[in-house]
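Peer 1: Chain residues, written in single-letter form:
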Amino acid sequence: MTVRVRPAGLRPAWLVAGVVAVLVALIAGLAFGSVSLPLSGVALELLNLIPGVRVHSGLTEREVAILTELRLPRVVLGLLVGAMLALAGAAYQGVFRNPLADPHLLGVAAGAGLGVTAVISLRAGTTGGDATANLPFGVPVAAFAGALLAVALTWLLGAAGGRDRTPSTLILSGVAVSSFLAAGQTYLMQQHVETLREVYSWLLGRLATAGWHDVLVMLPYAVVTGVIVLSQRRELDVLTVGDEEASALGLHPQRSRYLLIVAASLGTAAAVSVSGLIGFVGIIVPHTMRLLAGPSYRSILPLSVLFGGAFLALADLLARTAGGQAEIPIGVVTAFFGAPFFIVVLRTSRQAAAT
Amino acid sequence: MSAIRVEGLRVSLDGTPIVLGVDLDVERGEWVTVIGPNGAGKSTALRAIGGLLPFDGTVELDGSPIDRLHRRERAKTIATVAQSPVVPPGMRVFDYVLLGRTPYVPPLGRESANDLAVVEQVLEELDLTRFAGRRLDTLSGGERQRAFLARALAQGAGILLLDEPTSALDIGHQQEVLELVDRLRAERALTVLATMHDLTTAGEYADRMVLLAGGRVVAAGTARDVLTEENLAKHYRVRVRVIEGEHGPLVVPVRG
Chain W
1 MTVRVRPAGL
11 RPAWLVAGVV
21 AVLVALIAGL
31 AFGSVSLPLS
41 GVALELLNLI
51 PGVRVHSGLT
61 EREVAILTEL
71 RLPRVVLGLL
81 VGAMLALAGA
91 AYQGVFRNPL
101 ADPHLLGVAA
111 GAGLGVTAVI
121 SLRAGTTGGD
131 ATANLPFGVP
141 VAAFAGALLA
151 VALTWLLGAA
161 GGRDRTPSTL
171 ILSGVAVSSF
181 LAAGQTYLMQ
191 QHVETLREVY
201 SWLLGRLATA
211 GWHDVLVMLP
221 YAVVTGVIVL
231 SQRRELDVLT
241 VGDEEASALG
251 LHPQRSRYLL
261 IVAASLGTAA
271 AVSVSGLIGF
281 VGIIVPHTMR
291 LLAGPSYRSI
301 LPLSVLFGGA
311 FLALADLLAR
321 TAGGQAEIPI
331 GVVTAFFGAP
341 FFIVVLRTSR
351 QAAAT
Chain B
356 MSAIRVEGLR
366 VSLDGTPIVL
376 GVDLDVERGE
386 WVTVIGPNGA
396 GKSTALRAIG
406 GLLPFDGTVE
416 LDGSPIDRLH
426 RRERAKTIAT
436 VAQSPVVPPG
446 MRVFDYVLLG
456 RTPYVPPLGR
466 ESANDLAVVE
476 QVLEELDLTR
486 FAGRRLDTLS
496 GGERQRAFLA
506 RALAQGAGIL
516 LLDEPTSALD
526 IGHQQEVLEL
536 VDRLRAERAL
546 TVLATMHDLT
556 TAGEYADRMV
566 LLAGGRVVAA
576 GTARDVLTEE
586 NLAKHYRVRV
596 RVIEGEHGPL
606 VVPVRG
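Those protein sequence lines, which keep their order, are chains W and B.
Residue numbering for the first sequence follows the working numbering, starting at 1 and increasing by one per position.
Residue numbering for the second sequence follows the working numbering, starting at 356 and increasing by one per position.
FYI, nobody ran anything at the bench for these hints, they're computed from the structure.
Treat the hints loosely; a few may be bogus.
What the hints assert, rightly or not - Not close to chain W: a few residues of chain B, all C-beta gaps over 10 angstroms, as computed:
1) S357
2) R360
3) G370
4) G412
5) T413
6) G497
7) E498
8) G513
9) E519
10) Q529
11) E534
12) R571
13) R596
14) I598
To be verified - If you want a taste of the chain W side facing chain B, the calculated C-beta under 8 angstroms gives, among others:
15) S231
16) R234
17) V238
18) V241
19) G242
20) E244
21) S247
22) A248
23) H252
24) S256
As the list claims (entries may be wrong) - What follows is a set of in silico ranges between Cβ atoms, one per label pair, in the way DEER data are often shown:
25) L23(W) <-> G488(B): 31 to 39 angstroms
26) A339(W) <-> V441(B): 29 to 37 angstroms
27) G488(B) <-> V344(W): 21 to 29 angstroms
28) V441(B) <-> R4(W): 44 to 52 angstroms
29) V441(B) <-> L23(W): 37 to 45 angstroms
30) T493(B) <-> Q191(W): 53 to 61 angstroms
31) G242(W) <-> L375(B): 21 to 29 angstroms
The beta carbon of each residue, even a glycine, is placed where N, CA and C say it ideally should be.
With the hints as extra help, turn the sequences into a complete structure.
Peer 2: Next up, the structure:
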C-alpha cells in the first residue's frame with residue numbers, strides 16, 4: 001500500500017483559519033475601544049455593509065457612526081497595511097533566500113520614509129495647516145522611489161565585500177543604508193521644523209488618524225502588489241534551490257527576482273505612506289506561517305496576507321486600549337513583540353545553517 | 356546525430372580563463388566521464404554544457420545550439436545534478452522532486468495530474484516512495500543523492516549531466532548510485548556526461564573517458580586508452596600502478 005503524498009500548498013484548514021483570524025480581528029477591532037460596542041451588534045452592522053442586506057443591529061445611530069466612520073476605516077487600513085508588510089517580508093525572504101530579510105532590515109521602509117518626509121516637508125509651505133491631514137495620492141509614488149533606491153543600495157552594498165551576499169552582509173548593509181537614509185530624513189526634518197510634529201507622529205505609525213481616504217490611497221497599490229507577489233509563489237519555491245539550479249530547471253531567476261523586489265517594495269511603500277514606520281510585521285508573520293504551515297511559499301504567501309492583516313489590526317487594538325487615555329504608537333507595540341521574536345529567528349536560522 | 360556536440364568550448368570565470376578550447380562528442384545512449392586533476396575545468400565545462408555559464412564556442416544538444424533553446428526547452432532536453440545541490444530547509448522529498456517538473460508548468464499555472472504521476476513513478480523507480488513525505492534535510496547522504504537524481508529524472512530530459520555524483524558517498528553508496536544511473540540509462544535510453552574523481556570507478560562505468568588538464572583535453576578514448584601510468588603521472592603528478600581488472604583498469608596510487 002502506498003500513501004499518496006499531496007504536493008505542498010495551501011491546505012483548506014489553514015485558509016479557513018486565516019479567514020477566521022481576519023474576522024476576529026475585524027470584529028474585535030470594531031467592538032473595543034474607548035466606547036465598547038456589543039459584539040453581536042457589530043457583526044450584524046457589518047452585514048449591513050453588504051449591498052442589499054438590511055438587518056436591525058440594535059446599535060444607536062451614534063454607535064453606528066463610531067463603527068463605520070471612525071473604527072472601520074482604521075481597522076481596514078490596519079488589515080491592509082499588515083497584509084502588505086507581511087507579504088513583502090515573505091517575498092524578500094524568498095528572493096534573497098534570507099530568513100532575516102524584512103522591509104525594515106533591508107532599508108526599504110527607511111527609503112519609503114524619506115520619500116514621504118520629503119513630500120510632507122515640501123508640501124507644508126503650500127497648505128499651511130496639517131501637512132499629513134490628507135495625503136495626496138502621489139505620496140506612495142515618492143515612497144516607492146525611495147524604497148527602490150534603498151533596496152538597490154542595500155543589494156549593491158551587500159556585495160561590496162565580495163561576490164557572495166550572505167544573510168549577514170545583506171542585513172548589515174541594510175542597517176547602513178537605513179541609517180544613511182534616516183540621516184537624510186532627519187536633515188529634511190531639521191530644514192522644515194514647521195512640519196516636525198506631523199512627520200514625527202506619522203513616523204511612529206499613524207493608523208490613529210486613518211480615514212477612508214487613506215484606504216483609497218493604499219488600495220490600488222496593495223492590489224497590484226498582492227496579485228504580482230502571489231502569482232510568483234511557485235517561482236519562489238523553485239528559487240529555494242538557488243539561482244543556478246533554478247535556471248537549470250527552466251526558470252529565469254533574475255527576472256522573477258526583480259519582479260518580486262519591485263512588487264514588494266511597492267507594497268511596502270504604500271504601507272509606509274499611509275501608516276508610517278511599523279516594524280517587524282514582515283518578519284514575525286511569515287516566520288510563524290513557515291513554522292506552522294510548512295516551508296512552501298504557496299502557503300506562506302497567502303497566509304501572510306491573512307494573518308499579517310489580522311496581526312496588525314489586533315496590535316492596533318492593543319495600541320489604542322492598553323495605554324489608558326493616551327494611545328501607544330503602533331510601531332512601539334509591534335517592536336515590543338518583534339524584537340524578542342527576531343532573536344528567536346536569528347537563533348533558529350543559525351542552528352539551521354550549522355546542520 | 357550526437358546527443359552532445361561541443362566544439363572549441365572556452366569558458367572564463369570572473370575574467371579568468373578556465374576552459375581553453377574543448378571538443379567533445381557524446382553519442383545518444385553513451386556514458387562519457389570527464390576526469391582530471393582539481394582545477395582542470397571539469398565542473399566549469401559541465402556547467403557551460405548545461406547552459407548555466409556563458410561560453411564561447413559551440414554546444415549543440417540533439418543538433419540544436421544550446422544558446423538558441425528557450426530555457427524551458429533546454430530544461431526538457433538536459434538535466435544537471437550539481438556537485439553539491441542546495442537542500443532547501445524543510446522541503447519534503449516529494450516537493451523537491453516535483454521541482455523537476457518546472458519546465459512543464461505554464462507561467463502562473465500549477466502542476467498537472469501528469470506531473471504528479473511522473474513524480475510518483477520516478478520515486479517508485481528510485482525506491483524513494485517511502486521517503487516521499489520526509490524532509491529532504493533528514494535523509495542520509497545516499498538517500499539524498501537518489502533524491503537529487505530523482506529531480507533530474509523528473510525533468511524528462513534525455514541527457515543527464517552529473518557533476519561528481521559520488522563525491523559525498525562511501526564506496527558502497529558510490530557503487531549503488533552508479534549502478535542506478537547505469538540501469539536508468541539502459542531503461543530510459545539516457546545519455547550521461549559525468550565528472551568524477553575516482554579513476555577506477557570512473558573507468559568501470561564509462562563507455563569513453565576524457566582527461567582534462569589545464570582547461571584542455573589531453574587524452575580521450577576508452578578507459579584503457581586514458582588511464583595509463585604515463586597519462587596519470589604527467590597530469591596528476593602522481594605515481595600509480597595500473598592493473599588490468601575485470602571491468603577495466605584498476606588504478607592504484609603508489610607512494611613516491
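Peer 1: Confirm or reject each hint.
Peer 2: So, going through the hints one by one against the coordinates:
1. Residue placement check: S357(B) keeps its beta carbon more than 10 angstroms from all beta carbons of chain W (closest about 21 angstroms).
2. The beta carbon of R360(B) is kept farther than 10 angstroms from every beta carbon of chain W, the shortest such distance being approximately 20 angstroms.
3. The claim that G370(B) lies off the interface holds: its Cβ sits roughly 12 angstroms from the closest Cβ of chain W, which is beyond the 10 angstroms cut-off.
4. At roughly 20 angstroms from the closest C-beta of chain W, the C-beta of G412(B) stays outside 10 angstroms, upholding its exclusion from the interface.
5. Remark: the non-interface label on T413(B) is consistent with the geometry, its nearest Cβ contact in chain W lying 20 angstroms away (cut-off 10 angstroms).
6. With a closest Cβ-Cβ approach of about 18 angstroms to chain W, G497(B) is found to remain outside the 10 angstroms limit, as its non-interface label requires.
7. No Cβ of chain W approaches the Cβ of E498(B) within 10 angstroms, the least distance being about 16 angstroms, so the stated non-interface status holds.
8. No beta-carbon of chain W comes within 10 angstroms of the beta-carbon of G513(B); the shortest separation is about 15 angstroms.
9. For E519(B), the non-interface assignment is confirmed: its Cβ lies about 15 angstroms from the closest Cβ of chain W, beyond the 10 angstroms cut-off.
10. Non-interface call for Q529(B) relative to chain W: holds, since the shortest CB-CB distance, roughly 22 angstroms, exceeds 10 angstroms.
11. For E534(B), the shortest C-beta to C-beta distance to chain W comes to about 24 angstroms, beyond the 10 angstroms cut-off, and the non-interface label holds.
12. For R571(B), the requirement that its beta carbon stay farther than 10 angstroms from each beta carbon of chain W is met, with the minimum near 25 angstroms.
13. The Cβ of R596(B) sits about 39 angstroms from the closest Cβ of chain W, beyond the 10 angstroms cut-off, so the non-interface label holds.
14. Every Cβ of chain W is farther than 10 angstroms from the Cβ of I598(B); the closest lies at roughly 38 angstroms, confirming the non-interface assignment.
15. The interface hint given for S231(W) is met, as the beta carbon of that residue sits about 5 angstroms from the closest beta carbon of chain B, less than 8 angstroms.
16. For R234(W), the shortest C-beta to C-beta distance to chain B is roughly 7 angstroms, which falls under 8 angstroms, so the interface hint holds.
17. Hint status for V238(W): holds, given a least beta-carbon distance of 6 angstroms to chain B, under 8 angstroms.
18. The beta carbon of V241(W) is positioned within 8 angstroms of a beta carbon in chain B (closest approach about 5 angstroms), and the interface hint is therefore held.
19. With its C-beta approaching chain B no nearer than about 4 angstroms, G242(W) sits inside the 8 angstroms limit, and its interface hint holds.
20. About 5 angstroms separates the beta-carbon of E244(W) from the nearest beta-carbon of chain B, less than 8 angstroms, and the hint is met.
21. Given the 8 angstroms rule on beta carbons, the hint for S247(W) holds: about 6 angstroms separates it from the nearest Cβ of chain B.
22. The criterion of a C-beta within 8 angstroms of any C-beta in chain B is met by A248(W), whose closest approach is roughly 5 angstroms, and the hint holds.
23. The interface hint given for H252(W) holds, since its Cβ lies 6 angstroms from the closest Cβ of chain B, which is under the 8 angstroms cut-off.
24. Proximity of S256(W) to chain B is violated relative to the hint, the smallest CB-CB distance being about 10 angstroms (cut-off 8 angstroms).
25. Between L23(W) and G488(B), the C-beta spacing of about 32 angstroms keeps the proposed range 31 to 39 angstroms intact.
26. For A339(W) and V441(B), the hinted distance range of 29 to 37 angstroms is satisfied, since their beta carbons lie about 31 angstroms from each other.
27. Taking 21 to 29 angstroms as the suggested C-beta distance range, the pair G488(B) and V344(W) conforms, at roughly 27 angstroms.
28. Between V441(B) and R4(W) the C-beta distance comes to about 27 angstroms, which lies outside the given range of 44 to 52 angstroms.
29. In this structure, V441(B) and L23(W) meet the distance hint of 37 to 45 angstroms, their C-beta atoms being roughly 39 angstroms apart.
30. Range check, T493(B) to Q191(W): about 58 angstroms between beta-carbon atoms, so the 53 to 61 angstroms window is met.
31. Checking the proposed 21 to 29 angstroms range against G242(W) and L375(B) shows it holds: the Cβ atoms sit about 27 angstroms from each other.
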